[in-house]
Every structure is written in structure tokens, then in C-alpha cells.
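> Spelled out, the chains give:
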Amino acid sequence: MRTLATYSIKGGVGKTSAAVNLGYLAARDGHRTLLWDLDPQGAATYLFRVRPKVKGGGKALVRGDRPLTEAIKATDFDSLDLLPADFTYRNLDLLLDRAKAPTRLLRPLLAPLAAEYDVVVLDCPPGITLLSESVLHAAGLLVVPVIPTPLAVRTLDQLIGFLADLDGRRPDLLAFLSMVDRRKALHREIVGRLSAGRSDVAATAIPALAAVEGMGARRAPLSATAPRGPAGRRYEALWREIDERTRGTTTPPARPGR
Amino acid sequence: MSDRAGELLLTEPAALDALPAALQAAFAAVASEPDRSVRRVWFDTFDRRLSRGAIQLEHRTGAGPAGYRLRSDTGERLNAPGRASAGPRLVDALPTAEIRDRLRPVVEMRALLPIATSTGVRRVLRLCNPDGKTVATVEVEETATPPAVPPRVTVAALRGYADEAELAVRALLATPGATPAVGTALDAVLAAGGPQPAYSSKVDVAQEPAMPASAALARVLLRLLDTLEANVDGVLADVDTEFLHDLRVSVRRTRSALKLAGGVLSPGLADRFGAEFRWLGDVTTPTRDLDVYLLGYDDMVAGLTAPVAELEPFRAFLSRRRAAEQRRLVRRLRSERFATLTGRWRAALSAETEPGGGTAAELAATVTSKAFRRVIRDGSAIVAESPAEELHDLRKRCKELRYLLEFFAALHEPAAHRRLVGELKTLQDCLGDFQDGEVQRDAVRRFAAELLVEHAAPAVTLLGMGELAAGQHHRQQTARAEFVRRFARFARPTNHRLVAELVGAGG
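Chains H and S, in that order, give the protein sequences.
Sequential numbering from 126 applies to the first sequence in the numbering used here.
Sequential numbering from 95 applies to the second sequence in the numbering used here.
Calculated directly from the structure, the hints in this document are not laboratory data.
Where chain H lies over chain S, by a calculated footprint (3+ residues, C-beta under 8 Å):
| no. | segment |
| --- | --- |
| 1 | 224-237 |
| 2 | 245-257 |
Listed below are several chain H residues computed to face chain S (Cβ distance under 8 Å; list not exhaustive):
| no. | residue |
| --- | --- |
| 3 | Arg174 |
| 4 | Val175 |
| 5 | Ile197 |
| 6 | Lys198 |
| 7 | Ala199 |
| 8 | Asp201 |
| 9 | Asp206 |
Note that beta-carbon positions come from the ideal geometry of N, C-alpha and C, so glycine has one too.
Please construct the entire structure, taking both the sequences and the accompanying hints into account.
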């Protein structure tokens with residue numbers, strides 16, 4: 126099972142759009158795929174028209190009271206399932222703080238899903254929190270959207286530094302440039318600089334287009350409704366890069382006792 | 095991801111038109127996807143191994159990506175995208191390892207043949223909640239060919255929405271003319287095609303203890319002729335190796351029946367046809383022998399110290415030789431002699447109406463007891479120094495006893511019959527290993543000599559074949575050592591009583 130996490134310290138940078146489209150494209154390629162919406166705002170859940178409610182909420186999740194599989198919902202797309210968000214996830218950090226080894230919570234929860242799914246995409250809330258640390262330990266690849274501004278690039282460097290200091294196994298990281306506006310010289314300059322010669326930055330950039338924002342109105346992945354449009358083609362190319370990078374890799378199982 | 099929640103048949107034409115309204119009353123919205131043409135071809139082996147294993151293998155084109163779909167009664171679902179080839183195919187020709195691995199132990203050496211085809215139109219209705227989320231799907235399949243297959247409606251439950259799927263099933267069942275489906279789509283397509291000839295190589299004929307022995311035997315022989323003829327086309331087209339195997343078994347059984355019980359038929363009949371069936375058995379032997387080498391080739395070379403690749407010229411030699419023998423066999427099966435044999439044999443058996451040889455029970459008791467006594471007598475005479483021929487002869491006697499038990503199974507108490515056949519089979523397996531070891535060792539040596547003359551193999555191949563011959567010799571030695579134990583077990587007083595019980599029950 127390949128575990129991807131779309132993650133960013135900053136919010137509003139195209140993280141959920143990436144999670145939804147990458148999840149759709151993985152399923153379209155025949156991989157049994159689960160998208161887990163960990164963000165209490167539940168944007169991915171909304172896009173798939175699923176009710177943002179998980180029995181027992183965040184408390185049951187942290188305590189492991191209920192198997193995750195009970196909460197899974199099919200989306201309208203073949204091979205793509207969703208683990209919906211729940212508004213109580215906003216308190217997850219408080220709950221995690223009281224748990225034993227809070228940053229290692231997610232990996233053992235994901236382990237039983239390997240029998241059912243080939244790809245799991247975690248759509249994470251922004252920020253550096255206990256939950257996001259837990260995601261870093263659980264994911265095989267972090268997919269990080271970066272808006273081409275100096276501050277966002279600085280934040281990416283901060284994240285890379287943070288990962289380097291992380292104890293235990295670290296995920297692979299692939300950043301991609303998001304919400305790129307080719308009319309802006311600064312964007313063009315940063316895209317040129319970051320895309321060249323860095324193995325941790327994808328060759329594909331996602332443009333700032335009305336179509337991407339329009340997903341919220343159509344409530345469906347852009348890759349399903351407009352696969353041949355400019356944004357649809359970019360998500361496709363981004364998925365190809367990620368697919369190649371992660372093919373044959375699996376997230377190692379959690380050590381016993383965790 | 096979805097699971098089947100219910101399946102219905104629409105037995106009245108009006109039910110089809112009433113479906114959307116029934117669903118609209120229960121759901122916020124019903125979205126219909128465009129009609130798609132669908133063509134389905136189901137596969138099974140000639141002897142229906144998939145059906146007996148509760149497995150269905152289908153190739154579907156038209157609705158979604160073309161590919162094979164495997165479904166079983168235990169809920170297994172395997173999909174393998176790919177195009178279907180027109181003719182029969184062996185398991186190894188299927189597109190994905192998952193499907194091949196699942197089917198190989200069930201299908202073995204048999205080819206998968208198209209057994210039913212349907213074409214029609216498939217429509218998917220998406221049932222939505224007030225958010226526009228699909229919560230269940232309904233698939234309606236209208237079959238154009240074969241005609242008279244009622245439309246089939248399948249409700250799929252989406253994960254996390256089981257209640258909604260149940261609601262859909264209830265709404266549909268309330269529609270006049272909709273009934274829960276009995277059987278699968280394949281069952282319906284097969285039923286529309288009329289009665290299907292069932293094939294089995296078993297000699298399962300109805301017999302009564304008091305019926306004339308000649309009639310009981312003629313019934314067995316006619317059944318064997320049916321089996322023989324059922325396999326001819328498969329042998330001619332070289333569909334798979336099992337057609338020839340079953341044809342040969344019918345010939346051997348026929349010859350044994352004529353030899354051991356043919357006296358109850360019209361005078362001279364057994365001798366006249368016995369000679370012709372011997373000819374038929376002989377002409378099928380070379381191809382079958384080569385089939386056996388090729389089917390067992392991988393196992394045979396698996397334990398060698400020589401690299402498998404070095405034996406490749408030997409395998410190629412076997413394939414070439416087999417192709418040549420198959421061509422020869424086809425000429426013989428298309429000959430006037432073969433057509434005359436089967437035609438006259440059927441006519442002769444159909445004319446066997448005069449009662450002769452006492453009752454069926456008397457015949458069964460006499461020939462079975464005699465065959466059993468011969469096995470015990472010949473087996474008891476075998477000692478460590480006995481020549482191999484004596485074990486080969488004993489193997490033939492065991493086969494004869496086995497065939498007699500099969501011919502008159504209808505007259506036996508089933509549990510006692512099964513026990514005795516089981517006991518006999520254990521002994522036969524050991525004698526089979528002994529003989530195969532010898533025959534294959536001699537064949538490998540003979541083939542090696544021929545390859546040498548033809549300059550068709552390098553020295554390493556011949557060395558590997560030497561190792562093969564040695565392995566077969568070892569196999570024979572092991573079987574010989576095992577024989578003493580197995581025969582002692584078979585000759586126990588329990589089995590004598592079992593035979594007495596079987597033939598007594600018949601009388």
C-alpha cells in the first residue's frame with residue numbers, strides 16, 4: 126500500500142485540490158484508493174458530497190474504539206473510497222496530547238487498510254501539530270504544494286529542515302508549485318529556479334485557474350469533469366510523476382507495540 | 095467500491111417501464127447513464143470443472159473496459175482487463191497472474207471453451223440523496239440474444255450506504271412483474287438455449303439386479319461408446335490433452351468389458367470387436383505417451399542438478415514428435431476403419447435385445463469375484479526377485495477389477511463400493527508409479543539415442559537426460575519397495591469381506 130499525504134504548513138495553497146484529484150487519478154488507473162480527509166474543515170468530504178460525520182469522532186479515532194473501516198464511504202467513482210472528515214477533528218491535538226506516543230498514532234491505524242487498498246491519500250490540516258507529526262511518521266511520500274512566493278519557499282525549507290530533524294523513519298518529500306500565475310514575473314522567476322535541478326520539486330506546476338476553484342461548485346474532481354482542460358492535464362502529469370516515484374514502494378508496517 | 099445487494103428478474107414487459115418511477119418515489123434523484131451495448135461470453139472446460147467448482151468466468155465487452163471477470167459462490171471477484179481470443183485457450187493464456195493462479199488447480203490441463211454468449215443493452219441508474227451523492231446503483235440488462243431471457247436488474251450497494259441499497263431492493267420488488275432472481279445470468283442464458291448435453295467420463299448407468307446380464311452390459315458399452323464419440327472432435331481439433339485421455343479410457347474399459355464379460359453378448363461379437371478396439375487403443379498410444387511426458391516435463395526436470403535450459407532440446411524434440419504423432423492419429427480417426435468401427439458397434443449393441451447370461455447381479459458377482467481373486471493370487475505370488483513384468487501384469491488385473499466395479503456400481507451398496515475403490519486405488523497408484531518409472535526411463539534412453547543420431551542435441555542435454563533416466567529408475571525402485579506394504583494392506587481379510595458383501599448385495 127502506498128501512503129501519500131498532501132501537506133502544507135500554510136493553508137489555502139491547493140492541498141485539498143491536489144488530494145482529491147490525485148486520489149481520483151490513482152483510482153482511475155485501477156488502484157483501490159482511499160482518501161482520508163483529516164482536515165476538520167472537511168473540504169474533500171464536501172467535494173465528494175459525503176456527510177462530514179464519523180461515529181465517535183476524534184475521540185474514537187485516538188482511542189482506537191472503532192475500526193476505521195466502519196466509517197469508510199464509497200464515492201461516486203469506481204475504486205475510490207473516502208474516510209470522511211468530522212468536525213471534532215479540530216480537537217485532535219488536545220486528544221493526542223493526552224495519548225501515549227501521540228506522533229505515532231496514525232501508522233498502526235493505517236496498517237489494516239493495506240488488505241483493501243493499494244493507495245491511501247491523507248489530506249492533512251495545515252500547520253505543524255501533533256497530528257501532522259503523526260502523518261509525517263505514517264506517510265511514504267509527502268506531497269507539498271508551494272505557492273511561488275519567497276515566503277512560501279522559505280516555509281518549504283523550514284519543513285525540509287524539520288523533516289531532517291525528525292526521529293525515526295522520514296517520508297520522502299515531493300513539493301510542487303501551486304496556484305502559479307504566469308503573468309507575475311515573481312512567479313515565473315521562482316518556478317524557473319525551483320523546477321530546475323531539484324529532485325524534491327516536481328516538474329509539473331499547477332496553474333491558478335478558475336477551473337480549479339470551480340471544483341467547489343461542481344463538487345467533483347476536476348480530473349473527472351475536465352480531464353483534458355489545462356488544469357486537468359497538469360494534475361494528470363503530477364500524478365504520473367508521483368506514480369513513478371512511489372511505484373513499488375510501500376509504507377513499512379508499524380513496529381509491534383505501537 | 096460496491097457489493098451486490100440484490101438481483102431481480104423482470105418477468106413482465108411493463109415492469110421495465112415502471113422501474114424509474116418506483117425508484118424516484120424512494121430517492122431524491124435518479125440519474126440514468128447512457129445505454130451501452132454489452133457482449134458476454136462465458137467459459138468453462140468440456141467437463142464443466144468451473145461449474146462444479148461454483149466458479150463463473152466471463153469475458154465482457156461493451157460496458158466499461160473489456161476483460162475477464164471471475165466470480166465464485168463464495169463472493170470472490172477477480173477482474174483481468176484484456177481482449178478475448180476467439181477459440182479455446184489454456185489457463186496460461188489468460189491475462190493476469192491472479193486469475194491464472196486461481197484457475198490453474200481447478201482447470202488443470204483442460205482448455206477453457208466458450209460455453210454461452212449473450213448480447214444486449216446495459217443501463218445504469220444512479221440513485222442519489224438530496225446532496226446529489228450516489229448512494230446505490232441499479233444495473234438493468236436487457237438481453238437481445240439469446241431471446242426469451244428476462245431483463246435482469248442488479249442493485250449494487252455502495253460502501254457505507256447499505257441501508258439505501260436495501261431501500262432500492264424493496265422499492266423494486268414492489269413493482270409488479272419484478273421477482274427475486276433465481277440462478278445467475280449464465281444459468282438464464284444456458285436455459286434459453288435449451289437443454290445442455292452434460293458430459294462426464296463416469297460410467298454411471300442405471301441397472302437393476304434382475305435385468306438380463308446382456309442388457310446390463312450393452313447399456314455400459316453404449317455409455318462408453320457415447321463417451322468415446324463425445325471426445326473425438328476435441329482430439330481432432332487438439333483442444334486439450336484430456337480429450338484423448340478420456341477417449342482412451344473408454345477404449346480400455348470397452349476392451350476389459352468384452353474380455354471379462356463379453357460372453358453374455360451374441361456369439362462372436364466380443365472377439366470381433368475386441369480386435370478392432372485393440373487397434374484403436376494402439377493407434378492412440380504414441381500421442382498419449384508424448385502428452386504424458388510433456389505434461390509432466392516441468393516436474394520431471396525440477397529436481398535435476400543440470401540447468402533446465404540444457405534440457406530444452408529434449409523438450410523441443412518431444413514437442414516435434416508429439417506434433418507428428420498427432421497428425422498420424424488424426425488421419426486414423428478420420429479413416430473409414432474408425433467410422434465403420436463406431437457405426438457398426440453402436441448398431442450391434444442396439445440389436446442386443448435377446449436376454450442372455452443370467453441376471454445382471456449374477457454377472458456382476460461372478461466377474462467381480464473372479465477379478466478380485468486373480469488380483470490376490472497374482473499379487474501374492476510377487477516376491478522381491480519377481481521380474482517387472484509380473485508387477486505390470488498385476489497392474490492390468492487391478493485395472494480390470496476397477497473397471498468391473500465401475501460398470502456395476504449401480505448394483506452396489508454405495509459406502510462399501512467407495513471403500514473398496516479407495517483401497518484398490520491406493521494399490522493402483524503404487525503400481526502406476528512402478529510402471530511409469532520403467533516406461534519413462536526406457537523412453538528417455540530411446541529418445542537420447544534418437545537425438546544423438548539426428549545430431550539434434552548437445553552433450554549437456556544428453557547428460558541431463560541421463561540424470562532424468564536415473565531419476566525414473568529411482569522412482570521405480572521406491573515404488574517397488576512401497577508395493578509390499580500396499581499389497582499386504584489390500585489383501586487383508588477386511589477387503590475379502592468387503593468384496594463378498596458387494597457381490598452378495600447384488601444378488
